[in-house]
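From first to last, the protein sequence lines stand for chains L and D.
Going by the UniProt record's numbering, 240 is the number at position 240 of the first sequence; the sequence numbering is gapless.
Going by the UniProt record's numbering, 225 is the number at position 225 of the second sequence; the sequence numbering is gapless.
Treat each hint with caution, since some may be false.
Cut-off 30 Å, straight-line C-alpha distance, at most; resulting in silico cross-link-like pairs (DSS-like, lysine-lysine) [unchecked claim]:
hint : chain 1 : residue 1 : chain 2 : residue 2
1    : D       : Lys245    : L       : Lys245
2    : L       : Lys245    : L       : Lys271
3    : D       : Lys271    : D       : Lys245
4    : L       : Lys83     : L       : Lys148
5    : D       : Lys148    : D       : Lys25
6    : L       : Lys271    : D       : Lys245
7    : D       : Lys271    : L       : Lys271
8    : L       : Lys245    : D       : Lys271
9    : L       : Lys83     : L       : Lys103
10   : L       : Lys25     : L       : Lys148
11   : L       : Lys148    : L       : Lys165
12   : L       : Lys165    : L       : Lys103
Just a sample of chain L residues kept apart from chain D, beta carbon distances all over 12 Å, derived [what the hints assert, rightly or not]:
hint : residue
13   : Arg5
14   : Val36
15   : Arg39
16   : His52
17   : Gln123
18   : Asp143
19   : Pro145
20   : Leu150
If you're looking for bench data, these hints aren't it; they were derived computationally from the structure.
Ideal Cβ positions, reconstructed from N, Cα and C, are used throughout, including at glycine.
Protein chains: 2
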Amino acid sequence: MQPQRILVVGCGLIGTSMARAIRDKDPDVLVDGVEVSHRHRALARETGAYRHVYASFPDDTYDLAILAVPIQTACAVLAQAAKQASIVMDVCSVKASICKLAKEQGLSLRFAPSHPMAGNSGQGPASSNESLFQGQPWILIEDWPACKTLAPWIVSFDARLEWVKTAEQHDAAMAAVSHGIHLMSITAMLAAAVEADHSHAHNWSFLTGPGFRDVTRLSQSPHDFWVPTLMENRQAVGRYLMAAKDTIMELERCLEAEDSEALGRVLSTAKTAKDEWSTPSHPPL
Amino acid sequence: MQPQRILVVGCGLIGTSMARAIRDKDPDVLVDGVEVSHRHRALARETGAYRHVYASFPDDTYDLAILAVPIQTACAVLAQAAKQASIVMDVCSVKASICKLAKEQGLSLRFAPSHPMAGNSGQGPASSNESLFQGQPWILIEDWPACKTLAPWIVSFDARLEWVKTAEQHDAAMAAVSHGIHLMSITAMLAAAVEADHSHAHNWSFLTGPGFRDVTRLSQSPHDFWVPTLMENRQAVGRYLMAAKDTIMELERCLEAEDSEALGRVLSTAKTAKDEWSTPSHPPL
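Can you build the whole structure from these sequences, using the hints too?
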């Protein structure tokens with residue numbers, strides 16, 4: 001499928017990068033945008049990627065609507081988008097709730113849940129880039145037929161297509177590779193701060209090296225994106241945290257009991273897992 | 001003080017790098033080595049940094065003995081080294097136990113607890129390098145007079161001298177910036193593996209990005225060094241783990257109660273701490 005009339009809902013970094021990538025590949029494709037922010041509308045227009053950028057849904061029809069808005073907003077506008085477009089695709093980083101909603105709204109054949117794992121340090125349409133998706137993973141969910149329909153079109157943006165079986169698997173994978181990892185970075189930072197307080201030290205930044213910087217780096221991200229994302233994926237993230245807590249309690253036990261052998265086993269199990277996760281693998285198809 | 005006769009106990013990466021740095025600065029200084037490993041003795045001799053490399057303590061006297069062996073070994077040979085050298089300095093990454101022992105052995109004025117935070121990905125004398133310490137932190141403990149005596153000499157290796165008040169403060173700082181951080185990297189990796197098992201996925205390496213790679217990187221280190229180090233610093237590391245567990249339990253509570261406001265507070269407290277720890281600070285003198 002090569003959609004010729006496309007509506008981008010949410011003209012921020014991802015939405016406008018998509019609009020630009022689409023037009024870069026084929027300038028004859030018509031791309032309209034919907035953007036509630038006055039400022040973002042103006043910036044989106046300046047990119048020249050859109051025919052029109054509307055403040056609300058226009059009275060028109062499209063081959064494809066792309067929901068490039070936060071997950072709660074995507075859920076709220078799904079029905080409206082489905083009225084105006086043959087296929088609706090979202091690009092949110094959590095999938096279970098919107099997939100459930102799409103089924104309830106009878107969109108099993110017309111909804112394409114997707115997740116481009118792309119971004120940059122900027123925000124909004126001014127940071128958009130037509131090559132944002134090049135070489136980056138773009139996750140599609142196997143049990144949604146519209147994903148198969150759109151797959152060749154997504155590949156044409158030079159994204160690296162990755163298939164995950166179900167929305168639940170996607171969310172579990174995100175908890176493991178992203179959302180839970182983010183919380184561990186936060187936890188590592190806060191525990192260091194508590195330990196410094198305990199020693200009445202202001203901080204120990206003069207003693208930190210690359211290990212500390214790498215592990216705690218993500219804790220510096222602004223939390224606007226993270227709070228709704230984590231909340232949306234709270235079930236899988238909750239399981240991840242429980243597993244983390246189990247490991248910490250086992251580590252505490254090893255130290256208290258001075259059980260070097262058991263401590264060595266925990267470290268070597270982690271090393272085995274990391275070694276496995278560091279070699280390229282195929283998706284679990 | 002400019003020691004003219006030096007005994008390096010343990011001719012591995014750190015010991016031999018020191019021997020080379022010493023000779024590089026002043027070829028007239030006499031440096032002997034003690035190394036139990038036959039192979040490391042041969043490699044250490046090849047560097048040309050030592051007059052002799054002995055298999056056990058020689059029958060000679062020195063201005064300075066440098067204990068560049070694992071902490072348990074350093075404790076075991078402290079008394080012998082003190083018989084043969086005017087000042088004994090160690091370079092171990094945990095300080096409380098050896099400082100306690102040095103006090104018990106009446107070495108309060110002759111023992112210099114120190115910790116060069118330097119290394120490379122290699123091991124043994126073959127990986128040694130006379131510029132290993134350049135620009136790297138070298139921690140000295142304030143309440144040990146021999147540290148003040150040696151400070152100008154250590155500065156001459158272009159190391160960045162950092163003072164910490166007490167051995168206990170040093171160990172607490174290491175729990176916060178290194179040992180605990182290492183365990184959080186391990187915990188993050190293991191929780192990801194548990195979550196993949198839960199979803200019957202082999203692994204999700206095809207979905208990992210820079211965040212995952214940075215946070216879990218340390219879990220790939222070999223554990224020969226880590227098990228004794230963590231065990232030696234179990235008190236401070238235990239406190240760090242307890243603080244980490246508290247944060248994880250608070251995060252679990254936020255997700256269960258769908259309390260976005262409280263979740264945002266945890267994230268923003270971590271961001272504030274990370275911001276503070278990312279700006280250069282003075283040591284807590």
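Going through the hints against the structure:
Restraint check: the Cα-Cα separation between D:Lys245 and L:Lys245 comes to about 6 Å, which is no more than 30 Å; the hinted pair holds. For a cut-off of 30 Å, the pair hint linking L:Lys245 to L:Lys271 stands: about 18 Å separates their Cα positions. Note on D:Lys271 and D:Lys245: the hinted pairing holds, with a Cα-Cα distance of about 18 Å set against a maximum of 30 Å. This hinted pair checks out: L:Lys83 and L:Lys148 have alpha carbons roughly 21 Å apart, not beyond 30 Å.
For the proposed pair D:Lys148 and D:Lys25, the alpha carbon gap of about 20 Å is at most 30 Å, so the pair holds. A threshold of 30 Å between alpha carbons decides the hint, and for L:Lys271 with D:Lys245 the separation of about 22 Å falls inside it, so the pair holds. For a cut-off of 30 Å, the pair hint linking D:Lys271 to L:Lys271 stands: about 29 Å separates their Cα positions. Annotation: proposed proximity of L:Lys245 to D:Lys271 holds, straight-line Cα distance about 22 Å (limit 30 Å).
Between the alpha carbons of L:Lys83 and L:Lys103 the distance comes to roughly 15 Å, so the proposed pair stays at or under 30 Å and holds. At most 30 Å may separate the alpha-carbon atoms for a hinted pair to count; L:Lys25 and L:Lys148 meet this at roughly 20 Å. With a C-alpha separation of about 12 Å, the suggested pair L:Lys148 and L:Lys165 falls inside the 30 Å cut-off, and the hint holds. Under the criterion of a C-alpha separation no larger than 30 Å, the hint pairing L:Lys165 with L:Lys103 is consistent with the structure, at around 16 Å.
Residue placement check: L:Arg5 keeps its beta carbon more than 12 Å from all beta carbons of chain D (closest about 32 Å). The beta carbon of L:Val36 sits about 21 Å from the closest Cβ of chain D, which is more than 12 Å, so the claim that it is off the interface holds. No beta-carbon of chain D comes within 12 Å of the beta-carbon of L:Arg39; the shortest separation is about 24 Å. For L:His52, the shortest C-beta to C-beta distance to chain D comes to about 34 Å, beyond the 12 Å cut-off, and the non-interface label holds.
Listed as a non-interface residue, L:Gln123 keeps its Cβ farther than 12 Å from every Cβ of chain D; the least gap is roughly 16 Å. At roughly 14 Å from the closest C-beta of chain D, the C-beta of L:Asp143 stays outside 12 Å, upholding its exclusion from the interface. For L:Pro145, the condition that its CB be more than 12 Å from all CB atoms of chain D holds, with the nearest at approximately 22 Å. Residue-level check passed: L:Leu150 sits 19 Å from the nearest beta carbon of chain D, beyond 12 Å.
Every hint, counting from the list given before, is met by this structure.
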